[in-house]
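There are 2 protein chains.
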Amino acid sequence: MWKDFVMKWKPKVDEKLVEFFKGKEDLASRFKDINERALSFAEDFTVSGGKRVRPILFLAGYISQGKEPDDSILKVAAAIELIHSFLLIHDDIMDKDEVRRGKPTVWKRFENAGFDRHTAYSMAITTGDLVYTYALQLVLESGLPWEMREVVLRNMLRTVEDTGYGQNLDVYFPTKPVEEVSPEDVMLVYKQKTGYYTIVFPLTTGAEIAGADKGTLEALSDYGLKVGIAFQVHDDILGVFGDPEKTGKPVGNDIREGKRTILVLEAYRRGSPEDKEIIRRYLGTDDEEGIKKVMEVIERTGALDYAKELERNLVEEGKKALEKAKISEEIRTFLKEFADYLITREK
Amino acid sequence: MWKDFVMKWKPKVDEKLVEFFKGKEDLASRFKDINERALSFAEDFTVSGGKRVRPILFLAGYISQGKEPDDSILKVAAAIELIHSFLLIHDDIMDKDEVRRGKPTVWKRFENAGFDRHTAYSMAITTGDLVYTYALQLVLESGLPWEMREVVLRNMLRTVEDTGYGQNLDVYFPTKPVEEVSPEDVMLVYKQKTGYYTIVFPLTTGAEIAGADKGTLEALSDYGLKVGIAFQVHDDILGVFGDPEKTGKPVGNDIREGKRTILVLEAYRRGSPEDKEIIRRYLGTDDEEGIKKVMEVIERTGALDYAKELERNLVEEGKKALEKAKISEEIRTFLKEFADYLITREK
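Sequence lines, in order, name chains W and P. Position one of the first sequence corresponds to residue 1 (the working numbering), numbered consecutively onward. Position one of the second sequence corresponds to residue 1001 (the working numbering), numbered consecutively onward.
The set of hints was computed from the structure by calculation and includes no laboratory data. Just to be clear, a hint being listed does not mean it is correct.
Unchecked claim - In silico DSSO-like cross-links for lysine-lysine, where the CA-CA straight-line distance does not exceed 27 angstroms:
id, chain 1, residue 1, chain 2, residue 2
1, P, 1032, W, 191
2, P, 1096, W, 96
3, P, 1024, W, 191
So here's chain W without its partners, still in its complex pose (with noise of 0.2 angstroms):
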């Protein structure tokens, strides 16, 4: 079962996360007690909550050679891992976010310790560029030999790059009007933040340090991106039409806060000039009724369906692409069984 293997590494890479924020304490403690507190403030929003599922794809790449994992590629999984935590810090500032995983994110941290907004912004953005520099700083002191850091190392700044850019866009589309933006520009989005981030990196990455010829990084990236795709796609219809007592978030959710995702362009695409008109006016409001009108348009006009089958496509396209790869039977039961797991999960 893919959980069990997930149930096997993450204490594993949160023992690394652990030991390294500790590592840091006594730095940082020279600094006073704002460093202190910025350091308390990262460790606990980077280790308690999340699933680790870029570690544990980049072990799983790693595996899918034939290689154990030691000391020094555990220490890579927990980099991976703060390099997520930077990208959550710094999102979470721009899209204004007070909670994630349940719990305060770091800019509402450093308000609720009592500074003005404009300060607590300041703060968190430092501590997203402490958490970068950790997350380098990690892979420089791992232990690897210097070709396998040198790999990590470009393909983390890489996908830092490609995110970043794939960030501004997420910051841009929602200040454009809904038809000026087409559902080809949100799959670049989710090309880049989700699949080539959050899936490609990590797996390829770690099937590359291990050794995996060409043929299989290649089948593994085409995994990746797919799946990586279906992973938003579900996101977002979960976003819209989950259940609120598994998702934590009310019903129509996405439609409130305006986002642009495949299924509301998909319906606007789709839809009739007043199906148009309704998207235009109820996205980004408050109006219970208009969010339900929308919601109706996105069924109505096929998107939900269409989105439906789009990531069920995917993960079959996914899947297939394995077959070319040379991995572990394991390892290749374990992304299939992930792979599943995107599109089904309720939250």
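With the hints as your guide, set chain P onto chain W.
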């Protein structure tokens, strides 16, 4: 003359910067106009204006060991300027600064392009993250032997880390009442944010990869820390008593902005209860009469003379530290002249 050294190397560093940004255009353009814009803002902000102090100190350190910088070394010098650019981009958000080097800051450019304030901040956060990433990529792809890249990366990451702690203090102190911040507290920020970051890091890194011995690195570090703090103290003097026609800032500017500088904190420590009351009352206000009163307190208590003596002593100590360094006479002269310049400049 130290200025000839600057005039010789600055154009070569700038050439590498322009070349690097050019190489990114194709990728950024695949992510729509917003990322082309982010890239061009980052490039213009980095390349136009600025003295390239840090890359030039890095080159001076390298040359001090009798070596001639090649293409790889110039790329690392450019990367050091990118680190500076990244830190400024984020710093300008935190300080809400709209202008730097006579041109709009990066977040302000996004605002000028029509985005609301928070969206502009968000895009500038991401642009800063991208520029940090570019800096590290440039080192990784510099073509330097791995042992040297490792030294550069380790020192660079440690410097960003220390500067981050300093930055948090810099944001933190102004939120505290003036009586709760000591001159020693701000000295800690000066040490990290200016001493290590601006001088020690580039100078010793250049010398280290050129093969300087331990004693020389210690001497250069000693020089850099002292001269760096003197540089910051001089900035503080100019920030209050500088000629507005030369500094481009009104008289008493740092008082108006409420900065906790060594001048103010030393005056507060030395002042009578009435002096202390004046500082508490007018620091960070627009009251022109009050600002003049604070300036008088700084002079009357001897804090200004103290600062002037401090910067002179630090520069003398710094120059003396150079005696123990095994460096070329050309660079020894350069570093001495550079130190003198830092505390005699009028802007």
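Cross-check of the supplied hints:
no., hint, verdict
1, P:1032 <-> W:191, "holds (14 angstroms)"
2, P:1096 <-> W:96, "holds (18 angstroms)"
3, P:1024 <-> W:191, "holds (19 angstroms)"
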